[in-house]
Amino acid sequence: MAVFLRRFRRHTSGMAGLALVLLIGLVAVAAPIVTRDIDPLAVDLAISAQPPSTRFWLGTDEMGRSVAMRVIAGAPISLAIAVAGVLLAMIPGVWIGLLAGYYEGRIGSWLMRGIDALVAFPRILLAIVIISIAGQGIIQLMLAVGLASIPVFARVMYVAVQSVRHRDYVQAAVAVGARDRWILLRHILPNAFAPILVQASLNIATSLQIAAGLSFLGLGPAPPTPEWGAIIDGGRTLIRQQPLVIIAPGLAIALTVLGFNLLGDGLRDTLDPRLNR
Amino acid sequence: MTPLLVARRLAALLVTVVVVSVATFLAMRMVPGDPARLAAGPDAPAETVEAIRREWGLDQPLSIQLGRFLARLPTGDFGTSYRTKAPVWSEVAPRLFPTFLLTVTGMGLAMLFGIGAGLLSAVRRGTWFDTGVSVLSTLGISLPVFWLGILLMMVFAARLRWFPSSGWGEWRHLVLPSLTLGAGFFASISRMTRSSMLEVLRDDYIRTATAKGLSRRRVLLGHALRNALLPIITVAGLEFGRLLGGAVITESVFAWPGMGRLLVDSVKFRDYPTVQACVIILAVCIALSTFLSDLLNAYVDPRLRRG
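Protein sequence lines, in the order shown, are assigned to chains A and B. Residues in the first sequence are numbered from 0 upward in steps of one, following numbering that gives the first Met the number 0. Residues in the second sequence are numbered from 0 upward in steps of one, following numbering that gives the first Met the number 0.
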């Protein structure tokens with residue numbers, strides 16, 4: 000662990016990613032306090048599409064709402080959707096991969112074939128199918144983004160389990176008569192921890208993009224919700240008058256995605272067991 | 000690849016298509032509400048709903064409905080659209096070519112520039128060019144597709160007026176959407192090419208080829224790239240699905256009359272037969288692309304032909 004920390008601290012882009020992630024997290028936590036004075040939902044058509052001013056740093060959107068406040072208020076929403084989605088995907092995904100990889104039976108191999116077919120299927124399409132069934136809203140969006148990621152986690156876990164399944168220490172545990180449960184939880188799961196952590200970080204990035212994309216398509220939560228993708232969709236008509244309505248939330252998405260991507264890449268580089276000697 | 004292997008891959012392809020069709024059919028039946036009522040509209044009298052139910056066989060058991068649905072698929076009969084009351088196929092068919100054109104152009108541009116950039120950055124490892132490509136590809140992965148599309152539209156359509164901002168017609172309409180769509184693909188292809196080339200360039204046969212006096216160009220393109228191509232083709236086949244997913248968004252940004260926009264509109268109108276058709280057709284395209292990339296790999300690498 001100490002070795003890992005030392006190595007990660009020297010990984011410049013990984014640290015930059017961590018800094019970005021912490022920054023966005025801070026904004027998300029502070030959002031309710033920051034947006035107390037200027038309501039991000041207050042509609043005032045008399046001041047719609049205004050350029051930046053001292054009161055509205057980034058101007059106003061098509062409904063006269065503060066763009067800056069909406070982007071800040073969107074941080075906890077967009078982050079929550081992505082993080083909840085990943086947690087929703089991780090738990091079943093990890094178990095499917097773990098069991099299919101460990102038991103190697105016919106059921107496991109058929110299951111993984113199905114998973115492979117789903118991995119090749121674009122996640123945004125899976126998410127659209129789920130939304131067409133479940134309907135629209137924040138919870139539904141989490142569900143859509145999350146369920147659509149289960150195959151990816153199952154796949155990553157399966158590969159990780161396969162790589163340690165026949166190692167000597169696992170065989171030794173089998174030989175001394177350890178129960179499957181013990182072997183799975185004590186010997187296999189900890190060794191598959193690194194790739195799952197890396198995948199989680201990278202997956203938050205893609206989940207955020209997919210959730211924003213769905214909101215942009217009008218398949219996300221209902222209109223006044225300041226989800227980043229939805230803000231951009233609303234600003235599409237202001238492409239000439241007030242481009243900040245589009246630029247600001249897009250930058251927010253890009254920076255968050257970049258942060259989690261860099262963090263994930265950094266974790267992969269520093270957690271890679273091949274380098275850990 | 001031997002004919003037997005091709006036949007086996009084709010069989011697997013067919014199985015995938017059937018499984019996806021069954022899964023989509025069942026998924027669409029999980030939707031709360033009565034399909035006949037949805038099709039007839041909320042104000043229709045009960046007799047109309049009943050008539051639709053009988054006409055579409057919705058009064059039959061689910062297994063029979065599924066059997067009929069599958070039997071009709073090969074003929075391109077996807078049922079009737081709830082929205083237009085026309086056969087779904089007549090809605091979908093004119094959308095196929097635009098989506099095909101958009102994805103193939105986006106992919107082609109991304110492959111061309113991605114392989115080129117990856118190759119050059121592997122050769123000039125550590126130079127400003129290498130750094131530039133890596134920054135560009137990180138951006139390509141991090142920028143949301145729809146945002147990139149709107150930014151391009153802002154600069155090249157609204158301000159510079161070089162290209163139309165949306166619509167369909169001449170080649171100029173294709174430029175911004177295909178650049179938007181290709182950006183993510185460019186990122187993964189250039190990364191893959193770079194790492195694949197770096198690995199290959201260390202191999203002995205490269206040194207041999209250089210030693211026997213071949214030009215740098217022939218060593219790189221004839222020996223190194225050909226061997227580095229394998230993982231690139233595999234990645235391209237796998238990423239094709241993501242590209243189609245991106246097309247769904249890109250089409251909506253640029254009002255491109257393709258399958259993706261049809262899918263999104265159909266979801267909004269709860270036109271389930273059309274959603275179902277779009278999903279199945281896109282799935283078939285993805286399965287086909289994996290199949291093609293396997294074939295292409297066998298073509299590039301004689302070792303795989305015998306399987």
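Incorrect hints may appear among the rest.
[Stated by the list, open to error] Beyond 10 Å from chain A on every Cβ pair, some chain B residues (computed):
no.: 1; residue: Ala43
no.: 2; residue: Ala50
no.: 3; residue: Asp58
no.: 4; residue: Ile140
no.: 5; residue: Phe145
no.: 6; residue: Leu150
no.: 7; residue: Val174
no.: 8; residue: Arg241
no.: 9; residue: Lys267
no.: 10; residue: Ala286
[Said to hold, decoys possible] A partial selection of chain A residues facing chain B, derived with a Cβ cut-off under 10 Å:
no.: 11; residue: Ala1
no.: 12; residue: Phe120
no.: 13; residue: Ile123
no.: 14; residue: Thr255
no.: 15; residue: Asn260
no.: 16; residue: Arg267
[Stated by the list, open to error] Some chain B residues well away from chain A (every beta-carbon gap over 10 Å; in silico):
no.: 17; residue: Trp167
no.: 18; residue: Asp203
no.: 19; residue: Leu213
no.: 20; residue: Arg302
Calculated from the structure, these hints are not laboratory results. Even for Gly, the Cβ is constructed at its ideal location relative to N, Cα and C.
These are the hints, each one checked on the structure:
1. Ala43: Consistent with the label, Ala43 (chain B) stays out of reach of chain A, its closest Cβ about 22 Å off (over 10 Å).
2. Ala50: holds (26 Å)
3. Asp58: holds (22 Å)
4. Ile140: violated (6 Å)
5. Phe145: Nearest chain A Cβ is 5 Å from Phe145 (chain B), so the label is violated.
6. Leu150: violated (7 Å)
7. Val174: holds (18 Å)
8. Arg241: violated (5 Å)
9. Lys267: violated (6 Å)
10. Ala286: violated (8 Å)
11. Ala1: Hint on Ala1 (chain A): violated, closest Cβ of chain B at ~29 Å, above 10 Å.
12. Phe120: With a minimum Cβ separation of about 6 Å from chain B (threshold 10 Å), the hint on Phe120 (chain A) holds.
13. Ile123: holds (4 Å)
14. Thr255: With Cβ-Cβ at 9 Å, under 10 Å, it holds.
15. Asn260: holds (6 Å)
16. Arg267: Violated, because the Cβ-Cβ distance from Arg267 (chain A) to chain B comes to roughly 13 Å (cut-off 10 Å).
17. Trp167: For Trp167 (chain B), whose nearest Cβ neighbour in chain A is about 18 Å away, the distance exceeds 10 Å, so it holds.
18. Asp203: holds (22 Å)
19. Leu213: holds (33 Å)
20. Arg302: Fine: 23 Å to the nearest Cβ keeps Arg302 (chain B) off the interface.
When the structure is compared with the earlier hints, violations turn up for hints 4, 5, 6, 8, 9, 10, 11 and 16 and for no others.
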